[in-house]
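Protein sequence lines correspond, in order, to chains B and S.
Just so you know, we're using the working numbering here: the first sequence kicks off at 1 and counts up by one.
Just so you know, we're using the working numbering here: the second sequence kicks off at 1001 and counts up by one.
For the record, the hints were derived by calculation from the structure and aren't laboratory data.
Hints are not guaranteed to be accurate.
What the hints assert, rightly or not - Result set (PhoX-like, lysine-lysine): computed pairs, CA atoms no more than 20 Å apart in a straight line:
(1) B:205 / B:55
(2) B:268 / B:343
(3) S:1082 / B:26
(4) B:111 / B:153
(5) B:140 / B:159
(6) S:1082 / B:48
Claimed, not checked - Here chain S is said to cover these stretches of chain B; the calculated rule only asks that three of the stretch's residues, wherever they fall, bring their Cβ under 8 Å from a Cβ of chain S:
(7) 26–32
(8) 41–51
(9) 204–217
(10) 229–237
If you're wondering where the values come from, they're calculated on a predicted model, not measured in any experiment.
Ideal placement from N, C-alpha and C gives every residue a C-beta, glycine not left out.
Chain by chain, the residues:
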Amino acid sequence: MKQRFLSIALALCLFVCGGACSSQEKTKYNTYSMDYFDTVITITGYEKSQGDFDKQSKEILDMFEDYHRLYSIYHRFDGLNNMCTVNQLTDGVHPTVKVDKAIIDMLLFAKKMHTVTNGKLNVAMGSVLSLWHDYRTVGKDNPQNASLPPMDKLQEAAKHTDISKMVIDEENSTVTLTDPLMKLDVGAIAKGYAVEQVALALEKKGVTGYVLNVGGNVRTVGSKPDGSDWSVGIENPDGSDYIAYLNVSDMSVVTSGSYQRYYYVDGKPYHHIIQPETLMPAQNGYLSVSVVCKDSGMGDALSTALFCLSKQDGLALINSIAGAEAMWVAEDGTKSYSSGWNKYVKK
Amino acid sequence: MINMKIDSTKKHNRNDIIFIVALLLIATFGALYLFVFRDGGNTVKVTVDGKTYGVYSLNENITEDIHTGNGNLNRLVIRDGKAYMETATCPDGICVSHKPIFRDGESIVCLPNKVVVTVTTTDTDSPDVVI
Ligand SMILES: [Zn+2]
Chain B
1 MKQRFLSIAL
11 ALCLFVCGGA
21 CSSQEKTKYN
31 TYSMDYFDTV
41 ITITGYEKSQ
51 GDFDKQSKEI
61 LDMFEDYHRL
71 YSIYHRFDGL
81 NNMCTVNQLT
91 DGVHPTVKVD
101 KAIIDMLLFA
111 KKMHTVTNGK
121 LNVAMGSVLS
131 LWHDYRTVGK
141 DNPQNASLPP
151 MDKLQEAAKH
161 TDISKMVIDE
171 ENSTVTLTDP
181 LMKLDVGAIA
191 KGYAVEQVAL
201 ALEKKGVTGY
211 VLNVGGNVRT
221 VGSKPDGSDW
231 SVGIENPDGS
241 DYIAYLNVSD
251 MSVVTSGSYQ
261 RYYYVDGKPY
271 HHIIQPETLM
281 PAQNGYLSVS
291 VVCKDSGMGD
301 ALSTALFCLS
311 KQDGLALINS
321 IAGAEAMWVA
331 EDGTKSYSSG
341 WNKYVKK
Chain S
1001 MINMKIDSTK
1011 KHNRNDIIFI
1021 VALLLIATFG
1031 ALYLFVFRDG
1041 GNTVKVTVDG
1051 KTYGVYSLNE
1061 NITEDIHTGN
1071 GNLNRLVIRD
1081 GKAYMETATC
1091 PDGICVSHKP
1101 IFRDGESIVC
1111 LPNKVVVTVT
1121 TTDTDSPDVV
1131 I
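Let the sequences and hints guide you as you build the complete structure.
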């Protein structure tokens, strides 16, 4: 009699305890790669074994490698038509280039984002952005000789930023830039777009419990194994503390900040987000702008666009997009939010 | 005789019930403790060359590859509330042979790779991702 009671009691104990401990069946794994998109890719995932995680993360990195090769504007690859090929000149004109569907789809998305952001996100700004890129590279390698790109050069380049000169033939899968002095720079959109495509591929396979972080473009795939949300900390630029602490699942968080990429000229910092009107680093008084929305490509485009907009115009833009919320951090550290931001803040 | 036997069985039964109730209470509170306090407990902080690399909860099983530059790697494992270095590319291997740490203030140091892992108690949970 006593033994029976004891065994029932023990069974109950194990049952209750087992329920509490069951979410520990899977281990949280992390891995990094610095090979693609000129940034750090972090993959976090819950799996039963290191082997399972290694297999899944390799599959993810293989996808990123493909997108990296296609979307790169700096690297050419043998036998592959990529964004470099689209930008190249043959006999003084841009040839019509047959490209992978992944490029066509990304450029169509970029065109859509150009409209949505009222031209603040413009992949046809390549000539302007490449001037800044060249001067920044020189200035970082050799701070003594750092200088700003001359305004007359910038203004000349700005004449060749009309996105309607980017002609996309979906049927034949070709791109033609009809202005020979125009160049595409997909830096503000390709990373986020690629992250979204990889996340969608994972979702299609039924994968959950993963987070991708590609140079500040965070995309969560499913929730954690115990059903709880992922916590995303948006760090202070000096790494001292978190300026925001969010709880999200199946969502993207993207931050654009003046501290992410910059160089000094005469002791003054010049960051990489260029205002289309002034052709200079955007100065709207922000340290950073963060966006939460489903689509990582959208988040990437919106965070850049908001950085180039006044608070009032930015608020109007974010309110016009269903399911998107934003946080602005002013240069003095003051934070302001769109109306629905609070629902993602960790309580 | 018969009466006595019945009495003793009854007594046994009462003791059993008290025992079971006590066990159940312990189990329930144990489970509650795990549910409620598992996130608020200790964390390990990893620094590389003096800079914060990451903060990880000790209440979760985690495997973290710490890349320290020049192809060097330390694999930190957190299992059953304890943290230890599973593998490392350092020549001395001192960090790998260090016993698992879990008490506040304990640390594992990898001098060649400039990695320091310290157990700390923090008010805020460590986020899953940091941007
Ligand atoms: Zn070591």
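**Message:** Name the hints, by number, that the structure is in violation of.
**Reply:** Of the numbered hints, 2, 4 and 5 do not hold.
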